[in-house]
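Peer 1: The chain contents come next:
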Amino acid sequence: MSDVLDLETLDGPGRAALERLILTLADSKRLMGIRYSDWLLGAPSIETGISASSMAQDEWGHARLLYSMLKDLDRDPEAYEHDRASEAYASVSVLDDEMPDWAAVVAAMTLADGALSTVLSSFAEGTFETARSRVPKMLAEEEFHSSLGAAWYRRLAQAEGEARKLLTAATRSMLPALLAWVGADDEAARLMVRAGVIAPAAERLLAYRHAVRDLTALVDVDVDAVEPDPAWDPARGRAPGRPSEESVERARGDRNRALFVE
Amino acid sequence: MTVLPLPVVHRPYGGLPKPATIHMSGGRDVWSSPLESAPQDPVAAVWEALNEVLDPEIPISLTELGLIYGVDVRDGVAEVRLTFTATACPCMEFIREDITDRLESEFWISRVELVEVWDPPWTSDRITPEGRAKLRGLGVSA
Chain W
64 MSDVLDLETL
74 DGPGRAALER
84 LILTLADSKR
94 LMGIRYSDWL
104 LGAPSIETGI
114 SASSMAQDEW
124 GHARLLYSML
134 KDLDRDPEAY
144 EHDRASEAYA
154 SVSVLDDEMP
164 DWAAVVAAMT
174 LADGALSTVL
184 SSFAEGTFET
194 ARSRVPKMLA
204 EEEFHSSLGA
214 AWYRRLAQAE
224 GEARKLLTAA
234 TRSMLPALLA
244 WVGADDEAAR
254 LMVRAGVIAP
264 AAERLLAYRH
274 AVRDLTALVD
284 VDVDAVEPDP
294 AWDPARGRAP
304 GRPSEESVER
314 ARGDRNRALF
324 VE
Chain C
180 MTVLPLPVVH
190 RPYGGLPKPA
200 TIHMSGGRDV
210 WSSPLESAPQ
220 DPVAAVWEAL
230 NEVLDPEIPI
240 SLTELGLIYG
250 VDVRDGVAEV
260 RLTFTATACP
270 CMEFIREDIT
280 DRLESEFWIS
290 RVELVEVWDP
300 PWTSDRITPE
310 GRAKLRGLGV
320 SA
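If you read the sequences in order, they're chains W and C.
So for the first sequence, this note's numbering puts the first residue at 64; every next one is plus one.
So for the second sequence, this note's numbering puts the first residue at 180; every next one is plus one.
In short, the hints are calculated from the structure, not lab data.
Note that the Cβ used here is the ideal one computed from N, Cα and C, for glycine as well.
Be careful, since some hints might not be right.
To be verified - Between beta-carbon pairs, the in silico distance windows are:
1) W:A280 <-> C:N230: 31 to 39 Å
2) C:N230 <-> W:F207: 27 to 35 Å
3) W:R78 <-> C:V296: 51 to 59 Å
4) W:A294 <-> C:R260: 40 to 48 Å
5) C:W226 <-> W:A270: 38 to 46 Å
6) C:D304 <-> W:A270: 22 to 30 Å
7) C:A321 <-> W:D137: 35 to 43 Å
8) C:W226 <-> W:D69: 49 to 57 Å
9) C:R311 <-> W:S209: 34 to 42 Å
10) W:F207 <-> C:G255: 39 to 47 Å
11) W:F207 <-> C:R315: 38 to 46 Å
12) C:T302 <-> W:E71: 42 to 50 Å
13) C:V296 <-> W:G259: 21 to 29 Å
14) C:V319 <-> W:F207: 13 to 21 Å
Stated by the list, open to error - Under 7 Å between C-beta atoms, here's a sample of chain C residues computed to sit facing chain W:
15) A217
16) W297
17) D298
18) P300
19) S303
With the hints as constraints, model all of the structure from the sequences given.
Peer 2: Quick look at the structure:
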């Protein structure tokens with residue numbers, strides 16, 4: 064797409080929709096980073112823990128760049144990063160709580176991080192110039208997450224017994240909410256589609272299903288047969304619910320509030 | 180938006196002293212003395228100065244790493260367009276300070292404006308041949 068969105072032409076609902084889109088991505092990146100960080104010392108190997116550390120770092124770098132896009136809407140990113148309660152977070156619901164096992168982390172690494180990349184790709188190809196200039200770097204970094212996630216997914220899918228069962232369960236549990244998030248088609252999402260900021264819901268869903276189809280087939284889950292979760296909170300662009308208080312305290316940096324240096 | 184009652188402290192360095200490492204990074208010990216007279220080509224002179232500012236983690240310059248995307252000098256204000264190797268580069272603050280300190284040591288530069296850009300995304304392809312040679316000498320492949 065070659066047209067560039069003139070933010071002056073966005074009315075109130077349009078600006079609110081762009082703000083919501085940015086927050087769904089930024090908050091999800093924040094939470095994704097926390098979920099990786101939960102496993103720095105609990106991954107199956109030291110090497111994988113180091114990978115989790117690097118991915119956590121990447122996710123928070125992406126979150127920082129995404130929050131800073133709010134400046135284009137005359138919003139203060141710091142207030143959004145550090146001052147909101149958990150019920151205000153717009154992060155995708157599958158990241159609300161700590162992953163129960165490594166198989167769930169692998170499912171999140173591929174399916175949830177992959178969902179973020181699908182929507183980010185659409186954002187990068189849209190009319191919002193700030194996204195077009197910043198998101199490609201994020202996607203380049205995400206290629207490493209995708210490679211590691213796919214390798215682990217294949218490994219667990221081919222394993223005997225419990226590992227495959229846990230991966231299958233995590234896949235079945237996460238997909239409906241992720242499909243709903245990627246394919247958001249409420250009024251705010253449609254406003255962004257009409258402004259050319261993101262692709263239509265059907266295109267996003269097509270891209271996401273294409274990206275994960277071969278992997279989920281390894282655990283006998285047909286992503287084309289999975290229906291998106293109908294539960295939806297249009298105010299935040301996510302399913303009802305909220306991230307755990309402990310997670311949001313970490314996301315906001317509550318323990319460091321007197322020492323913020325950014 | 181729900182606003183928490185907890186206050187956020189917005190002060191430079193959170194009211195703390197500047198980071199202790201502020202004067203130790205960027206190859207400061209090898210920086211040239213500031214020019215004694217204004218250069219005829221200020222843009223070239225800025226590039227030359229930046230070529231002395233080293234990455235905080237590996238001893239090759241920011242220009243050799245390909246992190247500097249452009250330079251302009253107008254009315255004593257040096258604008259430096261730069262990127263970082265990663266979105267969460269832990270050395271961002273060091274790099275910003277090192278560039279600013281090196282350039283502001285020049286009397287003909289009154290202010291430095293850093294413009295951070297991500298397009299095109301940095302990859303190792305941007306490392307110059309000179310930078311690659313130095314990295315190889317350090318046992319680092321690139």
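Peer 1: Could you run down the list of hints and mark each one as holding or not?
Peer 2: Status of the hints after comparison with the structure:
1. Evaluation of the 31 to 39 Å hint for W:A280 and C:N230 yields a failure: the beta carbon distance comes to about 53 Å.
2. In this structure the hint that C:N230 and W:F207 lie 27 to 35 Å apart at CB holds, the actual value being about 30 Å.
3. Between W:R78 and C:V296, the C-beta spacing of about 25 Å breaks the proposed range 51 to 59 Å.
4. One distance hint, 40 to 48 Å for the beta-carbon pair W:A294 and C:R260, holds here, with the actual separation near 45 Å.
5. For C:W226 paired with W:A270, a C-beta distance near 42 Å keeps the hint of 38 to 46 Å intact.
6. Checked against the hint of 22 to 30 Å, the C-beta distance between C:D304 and W:A270 comes to roughly 27 Å, which is consistent with it.
7. Checked against the hint of 35 to 43 Å, the C-beta distance between C:A321 and W:D137 comes to roughly 41 Å, which is consistent with it.
8. Range check, C:W226 to W:D69: about 35 Å between beta-carbon atoms, so the 49 to 57 Å window is missed.
9. Under the hint 34 to 42 Å, the C-beta atoms of C:R311 and W:S209, about 28 Å apart, miss the expected range.
10. In this structure, W:F207 and C:G255 meet the distance hint of 39 to 47 Å, their C-beta atoms being roughly 42 Å apart.
11. Between W:F207 and C:R315 the C-beta distance comes to about 24 Å, which lies outside the given range of 38 to 46 Å.
12. Against the hinted window of 42 to 50 Å, the Cβ-Cβ separation of C:T302 and W:E71 comes to about 35 Å, which falls outside the hint.
13. At about 23 Å, the beta-carbon gap between C:V296 and W:G259 stays in the expected band of 21 to 29 Å.
14. One distance hint, 13 to 21 Å for the beta-carbon pair C:V319 and W:F207, holds here, with the actual separation near 19 Å.
15. Nearest Cβ of chain W to the Cβ of C:A217: about 34 Å, over the 7 Å cut. The hint is violated.
16. Residue-level restraint check for C:W297 holds (minimum Cβ-Cβ distance to chain W is 5 Å; threshold 7 Å).
17. Given hint, C:D298 at the interface with chain W, holds; its Cβ is 4 Å from that chain's nearest Cβ, closer than 7 Å.
18. With a least beta-carbon distance of about 4 Å to chain W, the hint placing C:P300 at the interface is held under the 7 Å criterion.
19. Evaluation of the C:S303 hint against chain W yields a violated restraint, the C-beta minimum of about 11 Å exceeding 7 Å.
Checked against the numbered hints listed earlier, the structure breaks hints 1, 3, 8, 9, 11, 12, 15, 19; every other hint is satisfied.
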